[in-house]
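Participant: Residues per chain are reported as follows:
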Amino acid sequence: AQSVTQPDIHITVSEGASLELRCNYSYGATPYLFWYVQSPGQGLQLLLKYFSGDTLVQGIKGFEAEFKRSQSSFNLRKPSVHWSDAAEYFCAVASNNAGNMLTFGGGTRLMVKP
Amino acid sequence: SQTIHQWPATLVQPVGSPLSLECTVEGTSNPNLYWYRQAAGRGLQLLFYSVGIGQISSEVPQNLSASRPQDRQFILSSKKLLLSDSGFYLCAWRGQGSSYNSPLHFGNGTRLTVT
Numbered sequence: 138a139q140s141v142t143q144p145d146i147h148i149t150v151s152e153g154a155s156l157e158l159r160c161n162y163s164y165g166a167t168p169y170l171f172w173y174v175q176s177p178g179q180g181l182q183l184l185l186k187y188f189s190g191d192t193l194v195q196g197i198k199g200f201e202a203e204f205k206r207s208q209s210s211f212n213l214r215k216p217s218v219h220w221s222d223a224a225e226y227f228c229a230v231a232s233n234n235a236g237n238m239l240t241f242g243g244g245t246r247l248m249v250k251p
Numbered sequence: 011s012q013t014i015h016q017w018p019a020t021l022v023q024p025v026g027s028p029l030s031l032e033c034t035v036e037g038t039s040n041p042n043l044y045w046y047r048q049a050a051g052r053g054l055q056l057l058f059y060s061v062g063i064g065q066i067s068s069e070v071p072q073n074l075s076a077s078r079p080q081d082r083q084f085i086l087s088s089k090k091l092l093l094s095d096s097g098f099y100l101c102a103w104r105g106q107g108s109s110y111n112s113p114l115h116f117g118n119g120t121r122l123t124v125t
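Top line first, the protein sequences correspond to chains C and P.
Numbers in the working numbering are just positions in the first sequence, counted from 1, shifted up by 137.
Numbers in the working numbering are just positions in the second sequence, counted from 1, shifted up by 10.
Since the hints were made in silico from the structure, they are not lab data.
Possibly wrong hints are sitting among the right ones.
[Unchecked claim] Taking lysine to any residue pairs in the SDA-like style, the calculated list, with each CA pair at most 20 Å apart, reads:
hint	chain 1	residue 1	chain 2	residue 2
1	C	Lys250	C	Ser232
2	C	Lys205	C	Glu157
3	P	Lys89	P	Asn40
4	P	Lys89	P	Thr20
5	P	Lys89	P	Pro113
6	C	Lys186	P	Ser112
7	C	Lys186	P	Pro113
8	C	Lys198	P	Pro113
9	P	Lys89	P	Leu57
10	P	Lys89	P	Pro24
11	C	Lys186	P	Leu57
[Said to hold, decoys possible] Per the computed footprint, the stretches of chain C lying under chain P, defined by three or more beta-carbons under 8 Å from a beta-carbon of chain P, are:
hint	segment
12	180-190
13	193-205
14	239-249
[As the list claims (entries may be wrong)] Derived list of chain P stretches under chain C, where covered just means 3 residues or more per stretch with a C-beta under 8 Å from a C-beta of chain C:
hint	segment
15	22-36
16	78-86
Using N, Cα and C, we set each Cβ at its ideal position, and we do this for glycine too.
All chains should be modelled from the sequences, with the hints used to inform the complete structure.
Facilitator: Written as structure tokens, this is what we have:
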């Protein structure tokens with residue numbers, strides 16, 4: 138069965154600093170990977186997705202993620218964090234089974250210091 | 011364009027009381043529908059999904075049930091709530107026939123507190 142691990146439960150960065158959120162997946166076939174962001178008390182918004190091709194994927198709000206098959210990773214990055222980026226971030230992998238549901242990681246809560 | 015609505019946004023219920031959370035999707039037909047739960051400090055757990063009217067699949071055994079009485083309506087219910095049912099409940103949809111690598115679209119969630 139597929140699984141997703143986000144090793145960092147909480148991360149705090151200073152505004153303007155760079156950011157990297159880690160995601161490791163376990164999946165038997167070619168993975169289809171997603172990053173979602175959740176603002177407090179809100180639903181999830183899609184940041185970016187990887188299906189195939191270029192392993193560096195650009196998303197909304199200045200985020201990007203790099204797929205590394207050899208490391209089973211799909212880390213999310215942003216060069217310069219803004220205070221409005223404070224939220225919870227979820228990595229997910231799609232499974233080709235009945236219902237085609239997504240399996241999510243445990244999430245990483247990002248806090249931004251002024 | 012497609013939209014998804016969940017209500018209520020917040021709910022406080024005593025232990026042992028019933029529950030009904032509703033989710034509706036507009037602007038699409040025959041979507042795949044999903045209920046996820048997010049417990050405090052934890053990730054998202056898939057509870058139920060539905061690929062059509064009256065078709066419900068449960069991912070985890072629990073105190074909850076789901077129903078899909080209409081094409082774009084998905085209801086999460088319980089006859090008697092437990093304290094452990096507290097959490098943030100998210101409804102999501104994906105277009106019917108979409109590739110399994112297409113993203114899910116989420117509602118704004120319902121914060122349930124069982125007291």
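Participant: Please go over all the hints and tell whether each is borne out by the structure.
Facilitator: Hint check:
Between the alpha carbons of Lys250(C) and Ser232(C) the distance comes to roughly 36 Å, so the proposed pair goes past 20 Å and is violated. The suggested pairing of Lys205(C) with Glu157(C) holds, with an alpha-carbon distance near 14 Å, which does not exceed 20 Å. Taken as a hint, the Lys89(P) and Asn40(P) pair is broken in the structure, with Cα atoms around 27 Å apart against an allowance of 20 Å. A C-alpha spacing of about 19 Å is found between Lys89(P) and Thr20(P), which places the hinted pair at or below 20 Å, so the restraint holds.
At roughly 32 Å between alpha-carbon atoms, Lys89(P) and Pro113(P) are farther apart than 20 Å, so this suggested pair is violated. With a CA separation close to 9 Å, the supplied pair Lys186(C) and Ser112(P) stays within the 20 Å bound. For the given pair, Lys186(C) sits about 8 Å from Pro113(P) by alpha-carbon distance, which is consistent with the 20 Å threshold. For the given pair, Lys198(C) sits about 17 Å from Pro113(P) by alpha-carbon distance, which is consistent with the 20 Å threshold.
This hinted pair checks out: Lys89(P) and Leu57(P) have alpha carbons roughly 16 Å apart, not beyond 20 Å. Distance check on the hinted pair: Lys89(P) and Pro24(P) sit about 12 Å apart at the alpha-carbon level, within 20 Å; holds. As the CA atoms of Lys186(C) and Leu57(P) are separated by approximately 23 Å, the hinted pair breaks the 20 Å bound. Beta-carbon proximity to chain P at under 8 Å applies to 6 residues in the segment 180-190 of chain C; the threshold of 3 is reached and the given coverage holds.
Look at the segment 193-205 of chain C against chain P: 0 of its residues bring a Cβ nearer than 8 Å to a Cβ of that chain, fewer than three, so the hint is violated. For the segment 239-249 of chain C, the proposed coverage by chain P is satisfied: 6 residues have a C-beta within less than 8 Å of a C-beta in that chain, meeting the threshold of three. Against chain C, the segment 22-36 of chain P contributes 0 residues with a C-beta closer than 8 Å to a partner C-beta. That does not satisfy the three-residue criterion, and the hint is violated. Counting residues of the segment 78-86 of chain P whose CB lies closer than 8 Å to any CB of chain C gives 0, so the stated coverage by that chain is violated, three being the minimum.
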